[in-house]
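Given the coordinates of chain A, assemble chain B onto it according to the supplied hints.
Protein sequences appear in the order of chains A and B.
Residue 49 in this note's numbering sits at position 49 of the first sequence, with consecutive numbering throughout.
Residue 161 in this note's numbering sits at position 161 of the second sequence, with consecutive numbering throughout.
Each hint should be verified, as a subset may be incorrect.
[To be verified] No more than 25 angstroms apart at the CA atoms, straight line, and that leaves these computed lysine-lysine pairs for DSS-like:
hint: 1; chain 1: B; residue 1: Lys199; chain 2: A; residue 2: Lys277
hint: 2; chain 1: B; residue 1: Lys277; chain 2: A; residue 2: Lys270
hint: 3; chain 1: A; residue 1: Lys253; chain 2: B; residue 2: Lys43
hint: 4; chain 1: B; residue 1: Lys263; chain 2: B; residue 2: Lys278
hint: 5; chain 1: B; residue 1: Lys26; chain 2: A; residue 2: Lys278
hint: 6; chain 1: A; residue 1: Lys270; chain 2: B; residue 2: Lys270
hint: 7; chain 1: A; residue 1: Lys270; chain 2: B; residue 2: Lys253
hint: 8; chain 1: A; residue 1: Lys166; chain 2: A; residue 2: Lys270
[Said to hold, decoys possible] Stretch by stretch, here's where chain B covers chain A in the computed footprint (C-beta under 8 angstroms, at least three residues):
hint: 9; region: 55 to 68
hint: 10; region: 264 to 275
hint: 11; region: 289 to 298
hint: 12; region: 316 to 324
Quick caveat, the hints were computed from the structure, so don't treat them as lab data.
Only a predicted model underlies this, so the values are computations on that prediction, with no experimental measurement involved.
We put the CB at the ideal spot given by N, CA and C, even for glycine.
2 protein chains.
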Amino acid sequence: MNIIIDAMGGDLAPAEPVRGALRAHKELGCDITLVGREEDIRKVLADDKTDLPEGVTIVNATEVVEICDDPARVCLRKKDSSMSVGLRMVRDGKGDAFISAGSTGALLSGATLIVRRIPGIKRAAVAPVVPTGAGSAVLIDAGANAECTAEYMLQFAFMGSFYAEKVLGRENPRVGLINIGAEPSKGSELYKEVYALLKQAGDAGRINFVGNVEPTSLASSDAVDVLVADGFVGNIVLKTMEGTANFIVQGLKDLFMTNTKTKVGYLMIKGDMGGFKKMLDSRETGGTAFLGVQAPVIKAHGNSDAFAFFNAVKQAIQFVSAGVEQEIIENMDHMVIPSQAAQE
Amino acid sequence: MNIIIDAMGGDLAPAEPVRGALRAHKELGCDITLVGREEDIRKVLADDKTDLPEGVTIVNATEVVEICDDPARVCLRKKDSSMSVGLRMVRDGKGDAFISAGSTGALLSGATLIVRRIPGIKRAAVAPVVPTGAGSAVLIDAGANAECTAEYMLQFAFMGSFYAEKVLGRENPRVGLINIGAEPSKGSELYKEVYALLKQAGDAGRINFVGNVEPTSLASSDAVDVLVADGFVGNIVLKTMEGTANFIVQGLKDLFMTNTKTKVGYLMIKGDMGGFKKMLDSRETGGTAFLGVQAPVIKAHGNSDAFAFFNAVKQAIQFVSAGVEQEIIENMDHMVIPSQAAQE
Chain A
1 MNIIIDAMGG
11 DLAPAEPVRG
21 ALRAHKELGC
31 DITLVGREED
41 IRKVLADDKT
51 DLPEGVTIVN
61 ATEVVEICDD
71 PARVCLRKKD
81 SSMSVGLRMV
91 RDGKGDAFIS
101 AGSTGALLSG
111 ATLIVRRIPG
121 IKRAAVAPVV
131 PTGAGSAVLI
141 DAGANAECTA
151 EYMLQFAFMG
161 SFYAEKVLGR
171 ENPRVGLINI
181 GAEPSKGSEL
191 YKEVYALLKQ
201 AGDAGRINFV
211 GNVEPTSLAS
221 SDAVDVLVAD
231 GFVGNIVLKT
241 MEGTANFIVQ
251 GLKDLFMTNT
261 KTKVGYLMIK
271 GDMGGFKKML
281 DSRETGGTAF
291 LGVQAPVIKA
301 HGNSDAFAFF
311 NAVKQAIQFV
321 SAGVEQEIIE
331 NMDHMVIPSQ
341 AAQE
Chain B
1 MNIIIDAMGG
11 DLAPAEPVRG
21 ALRAHKELGC
31 DITLVGREED
41 IRKVLADDKT
51 DLPEGVTIVN
61 ATEVVEICDD
71 PARVCLRKKD
81 SSMSVGLRMV
91 RDGKGDAFIS
101 AGSTGALLSG
111 ATLIVRRIPG
121 IKRAAVAPVV
131 PTGAGSAVLI
141 DAGANAECTA
151 EYMLQFAFMG
161 SFYAEKVLGR
171 ENPRVGLINI
181 GAEPSKGSEL
191 YKEVYALLKQ
201 AGDAGRINFV
211 GNVEPTSLAS
221 SDAVDVLVAD
231 GFVGNIVLKT
241 MEGTANFIVQ
251 GLKDLFMTNT
261 KTKVGYLMIK
271 GDMGGFKKML
281 DSRETGGTAF
291 LGVQAPVIKA
301 HGNSDAFAFF
311 NAVKQAIQFV
321 SAGVEQEIIE
331 NMDHMVIPSQ
341 AAQE
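Okay, chain A solo, but in the shape it has when bound (with noise of 0.2 angstroms):
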């Protein structure tokens, strides 16, 4: 197996991915292709005193992805970034899956122009794992699209959950459907379209769909293992958990300071704070998957490190082997809205 990676996306690049990726490389057993301006990489290697390991090659790139490029078009005119090459590579089958850390927008964009949509899939969505009581759920979609249609929601809920059942390992995951209240009759009127397709397909035995679900139960220990959501709403729900847990996280840390006595308190409690902070690091998880496309895309966090990267091959080497392009070709009849098929 071989895993593409942007040597030059990201906040750390290219230290961090390349190191992440030669961590990767001796711990997994999978190749690796570094895309990106070959001199920045081999100058990481010399200041790590580190050589090539066989297994792992770079393609150079000469431009690279920046934040100010317009992520729409950005990987059709610079043909030559680290981004565009890596995603042709991945299209034309010289590599098995491709990691980002750059534009989540770029990548998006990049990945639906350059790899395509797997036919019949109207939109690709993202879907990061986020963490819940009964330890974690896949969340799409997560920002990919804003507008949404009932039909791309449907797409979302089948391809959440061959992800969570051939990637994440759950056994007929439990499909839930983010909205405002638990009755079929909660939400907008896309939120009852959706709620009525969900509950067909999961009729049908298609999925496993358990019904609306609350953000609030989010911490609950039978929380479900796919969480669907329209991409503007996703969003939201991923954005309000990180700044929900970074202001509680902060007020910790102030209760943590406010006298000798807590102080000495945190310093007694620290030791065991591993599996604490582990639940709340995005690090952990590797990356985003992107589905719907016709090859394995992963976008890690922007500010990933070596560890980062290192998870995020991990997850590709899963995302890679589970299949899960081939399970929605196989399943598009039953994902496809015939009266809204025929208008396309």
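This is chain B only, laid out in the frame that chain A set:
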């Protein structure tokens, strides 16, 4: 001032609303009218060996709004319910504000049908005060309207701004639009349209619009005073905050109970946890204001205890003194979109 309290609303009725009302009467010096089954209310007083003090009166209402009642119609159908009677009293000026911990949906439709909207206001909104890194912010709309137009949201922004200024005492309150990115081009068509309207109102000096706000920034110490959203997204934000907070607090409890050392550490910190707990305690902020109706109506949390009712009365007094309704009426010209107003 006379605050009307629904003695039958909420999980802990009638005991806790009655106890909270008596404490508020004693400590805050306002008159209180308790609406509900007189027999049940008098039983609470007898159990507590308390006499009805001067300034606290009981208005008998024989019916109770139940969770199974259709929220859209119950206040008209059960005319002698405590909620319906209380809303008619505040409409008729027999009290200055109404507080209920009963069904949100029933209270909202009851308030709209009985107290009625301020002329020109298209939809009433719920506006809880949520904790942020800067202290707190008004979130409007937090769930009354799952489907919104840009004009509704323009009105939410004005109403939230008046509430933040007059009730929370914020000078020139900073108004932000909840969105999935900071740039004006971010979000759905609706949010782009609302952005343009709020920008215009900001440029004209009518509100202090600071732009789009991503919920990741809730923890920030320069968080805004007013968070504007449609009712679906606002409700999702509120519930995600609650779910995430519960999740982390549970993780924290597990951490403290890990072993003897962490338990001792916890005991050393425990005494200073007041501020941290207070930060997350919804009872502290009283209830949720309904904005856009002709008299102050406050929804207390369903599980409100006496302390929460006491705080809701405190909030009601501020709400009445602030004259938010008058402020809305005086600014109505700036809160309607001419083309849309013509269509009404």
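Hints the structure fails to honour: Checked against the structure, the hints that fail are numbers 1, 3, 5, 8, 9, 11 and 12, while the rest are satisfied.
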